[in-house]
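One line per chain: the protein sequences are F and Y, in this order. Residue 140 in the UniProt record's numbering sits at position 140 of the first sequence, with consecutive numbering throughout. Residue 59 in the UniProt record's numbering sits at position 59 of the second sequence, with consecutive numbering throughout.
None of these hints come from the bench; they were simulated from the model. Please read all numbers here as calculations on a predicted model, not as lab measurements. Each hint can be trusted.
Away from chain F, derived, C-beta distances all over 12 Å, residues of chain Y:
| # | residue |
| --- | --- |
| 1 | Q83 |
| 2 | Q223 |
| 3 | A264 |
| 4 | A265 |
| 5 | T286 |
| 6 | D318 |
| 7 | A351 |
| 8 | R408 |
| 9 | Q409 |
Short, incomplete list of chain F residues facing chain Y, as computed with Cβ under 10 Å:
| # | residue |
| --- | --- |
| 10 | R35 |
| 11 | Q39 |
| 12 | A40 |
| 13 | Y152 |
| 14 | D168 |
The C-beta atom is built at its ideal place from N, Cα and C for all residues, glycine as well.
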Amino acid sequence: MSETLTRPVVRGRALVYGWSAAGLLLAALPFYLDRFWLQAGLFAMAAALGAIGINLLTGATGQLSMGHAFFLAVGAYGYCAFAGDGSDGLAGLGLPGWLAAVLAVALAGLAGGVFSPIAGRLRGAYLGIATLALIFIGQHVLFNAHDVTGGYNGRAVPPLSLFGLTFDDTELLVAQVPFGAVEKLWYLGLVLLVGGVLFARGVLRGRPGRAMNAIRDHRIAAGVMGIPVARYRAAVFVLSSMYAGLAGVLLALVFQRTVPEYFGMALSLEYLAMIVIGGLGSVAGAVAGGVFVSLLPQLLTRYSDALPLVSAPGTGGIAPGEAARYLYGAAVVAVVLFLPGGLVRLAARTRKTPTSDRPSGEAR
Amino acid sequence: MNHRRQAVRGLAAALAALVALTAAGCSSKAKTGDGKVTGAGGVKTGEGVTDKTIALGALTDMTGVYATLGKSVTQAQQLYVKQVNAAGGICGRQLELTVRDHGYDPQKALAAYTELEPKVVGYTQFIGSPFVAAVKSRVDGQDKGLVLPQAWSASLLGSPYIRVLGATYDVETINAVDFLVTEKGLKKGDKLGHVYFEGDYGENALAGSKHAAGKAGLTVVEQKIKPTDNDMSAQVAALKQAGVKAVVISAGPRQAASLVGVAAATGLRVPVVGNNSAFAPQLLGTQAGPALEKMYWFASPSLPIGADTPTAKKLVADYQAAYPGDGLDNGIVAGWTAASVFGEALKKACADKDLTREGVDKALLTMKAHDAGFGMTHDLGDPEAPSSRESVIIQPDKSVPGGMRTVRQPFVSEAAKSYTP
Numbered sequence: 001m002s003e004t005l006t007r008p009v010v011r012g013r014a015l016v017y018g019w020s021a022a023g024l025l026l027a028a029l030p031f032y033l034d035r036f037w038l039q040a041g042l043f044a045m046a047a048a049l050g051a052i053g054i055n056l057l058t059g060a061t062g063q064l065s066m067g068h069a070f071f072l073a074v075g076a077y078g079y080c081a082f083a084g085d086g087s088d089g090l091a092g093l094g095l096p097g098w099l100a101a102v103l104a105v106a107l108a109g110l111a112g113g114v115f116s117p118i119a120g121r122l123r124g125a126y127l128g129i130a131t132l133a134l135i136f137i138g139q140h141v142l143f144n145a146h147d148v149t150g151g152y153n154g155r156a157v158p159p160l161s162l163f164g165l166t167f168d169d170t171e172l173l174v175a176q177v178p179f180g181a182v183e184k185l186w187y188l189g190l191v192l193l194v195g196g197v198l199f200a201r202g203v204l205r206g207r208p209g210r211a212m213n214a215i216r217d218h219r220i221a222a223g224v225m226g227i228p229v230a231r232y233r234a235a236v237f238v239l240s241s242m243y244a245g246l247a248g249v250l251l252a253l254v255f256q257r258t259v260p261e262y263f264g265m266a267l268s269l270e271y272l273a274m275i276v277i278g279g280l281g282s283v284a285g286a287v288a289g290g291v292f293v294s295l296l297p298q299l300l301t302r303y304s305d306a307l308p309l310v311s312a313p314g315t316g317g318i319a320p321g322e323a324a325r326y327l328y329g330a331a332v333v334a335v336v337l338f339l340p341g342g343l344v345r346l347a348a349r350t351r352k353t354p355t356s357d358r359p360s361g362e363a364r
Numbered sequence: 001m002n003h004r005r006q007a008v009r010g011l012a013a014a015l016a017a018l019v020a021l022t023a024a025g026c027s028s029k030a031k032t033g034d035g036k037v038t039g040a041g042g043v044k045t046g047e048g049v050t051d052k053t054i055a056l057g058a059l060t061d062m063t064g065v066y067a068t069l070g071k072s073v074t075q076a077q078q079l080y081v082k083q084v085n086a087a088g089g090i091c092g093r094q095l096e097l098t099v100r101d102h103g104y105d106p107q108k109a110l111a112a113y114t115e116l117e118p119k120v121v122g123y124t125q126f127i128g129s130p131f132v133a134a135v136k137s138r139v140d141g142q143d144k145g146l147v148l149p150q151a152w153s154a155s156l157l158g159s160p161y162i163r164v165l166g167a168t169y170d171v172e173t174i175n176a177v178d179f180l181v182t183e184k185g186l187k188k189g190d191k192l193g194h195v196y197f198e199g200d201y202g203e204n205a206l207a208g209s210k211h212a213a214g215k216a217g218l219t220v221v222e223q224k225i226k227p228t229d230n231d232m233s234a235q236v237a238a239l240k241q242a243g244v245k246a247v248v249i250s251a252g253p254r255q256a257a258s259l260v261g262v263a264a265a266t267g268l269r270v271p272v273v274g275n276n277s278a279f280a281p282q283l284l285g286t287q288a289g290p291a292l293e294k295m296y297w298f299a300s301p302s303l304p305i306g307a308d309t310p311t312a313k314k315l316v317a318d319y320q321a322a323y324p325g326d327g328l329d330n331g332i333v334a335g336w337t338a339a340s341v342f343g344e345a346l347k348k349a350c351a352d353k354d355l356t357r358e359g360v361d362k363a364l365l366t367m368k369a370h371d372a373g374f375g376m377t378h379d380l381g382d383p384e385a386p387s388s389r390e391s392v393i394i395q396p397d398k399s400v401p402g403g404m405r406t407v408r409q410p411f412v413s414e415a416a417k418s419y420t421p
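Chain F on its own, in the form it takes in the complex:
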């Protein structure tokens, strides 16, 4: 921890207190918030995990991917297929939930690995178009491979159980507060998100992060410096897919059903919007963007009655769904114009200490 040595102890202490206060707050939320908010928070956590994945790939390594939704689908459906016990007439291996989750993430990584020879050859817009194909193939399979995916209506997601605790709606009283699926999943989501953030920071701040940035900034120069460009790009693709797979598993657990309609091109674009809005190439940016993009439409729908210009559905005028889309567009334009570094720049700007002492892997 070189930071705590160079900075005054007071600042370090403030930082620790700040983080513990934030952690405590997040840990306390399930005791107070109702299901709607916890569910929205879980969607945001899943989005943040997925956004970290695509930020490693697109933001840090400069490889445009439009196929992120496909890997989310692999994670979500993979989990169902590994954990399902076949009682609903669909193929399932009946493995314990935690093992199924791990295998689903591995499967998403494998899918990324299978695609990585193509990812290694193509760059920029060409890679974007190639990954776009994944979505169309993926959705075709999801709709038609009935025995595994359940077709149009999707399939039910078996609940996860871990150390004897089952993450389903059976009520568990903790200090008089009934804990259902979302309350339990909230803690799982927090643990996964913290783990995912720390791992990605480790990757970005270390040697691999520098190599990835070098590949993004100048591929040939990176190669000349001795970075195995092809191998790195393949590895990042696999890692990014695994993050997407993890996000898919978490989403599936929250939804309690996988719906093929969801894993379309709009979702991939949403993930790209998240990292652009949040900040390309940084973990904090991915988290901020993920939270922003996934919460915005839900908040607008909920408070549609109170917002000016936005009308209640059925009365004419701008519907909340449309308003959210306009705001998205406006946010992307505003960020590109005024905050080229994304929302994280906003935080960095208000902070007094210069951020230039951070390694380039974290801040672009």
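Add chain Y to chain F, keeping to what the hints say.
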């Protein structure tokens, strides 16, 4: 690392305080009783019901693929609520309909369901059968609020709380094929074309046409399409080559118009029947209009909006007064029927002095012959079966309001009576 230890100690203390606080009941989430109270008029009430109001939810799609349907259904239900409230409400309470538009997005649909769940008695509308399937385990397991989906897939049957109103797609298709056999001269050994959407609507309908074809000795020629396919030339060519004598279409209005238009232009002059989702009155204004009037029919679970019944006539007049400039379609009938079924269940529950969710569910199960005023009686006593197996056959006709003329009054074919999904 002294400050770290301090922080950990502080954290532990705060956590302990937190648990103590919630244990003392400071969190509004803490469990206190079962939430059921006896309110005004000695009526037992639960979620969504106060002494003055009964809250209902509508999860609709006004910005996504089913935008036109969602708008009509929602406006009809808002009209119903307005009229009921003007007449004094139900059980001395005013109805409050909260509408949430999910734009056919699973995440928003689930969020809207979760948001409204603690606040409403039930849902008069839920568009999108995948989303209904997604919340099914919650509805059956703990929420137990009544949900009336705006979808007619047989896969939604079987829950005592999620109730499909009217014939499901498979039953409707069986009735449609019966119409072809009895009135359009289709006979044993003939080939029957079936153009259908991938997904549960089309596949459910296909199950119906196969059952009916088996009974009538027909062979089904399948043509599967995607909702994004708008040009039916290839399908018409394939059906023509196969020598079909009639065609069933289980798709959207656009596909039906294209199919009929192309068939008429290329000389495949055979009768075409569709499901209730395969027609919109707007089609009559297109180039395919004349062909549709000549060789297209569709089956519907209720009489059309322009029907000659007192309820239908009053609804048309009221709807046009409330929403001038909006077209008339069968979404209005569907929305109105669902709202009236829910209203009727509430009235019965009120008579039993039990407006809790369980009370409403129980009241619904006693409704064995509900007539919403569109020529159908709905039997809601059996959760395993659709509330009605009747269909009407409708022909597009520019000259009547709504563009739809009933050519065969409500009927159940023999094959549909014996059919079990």
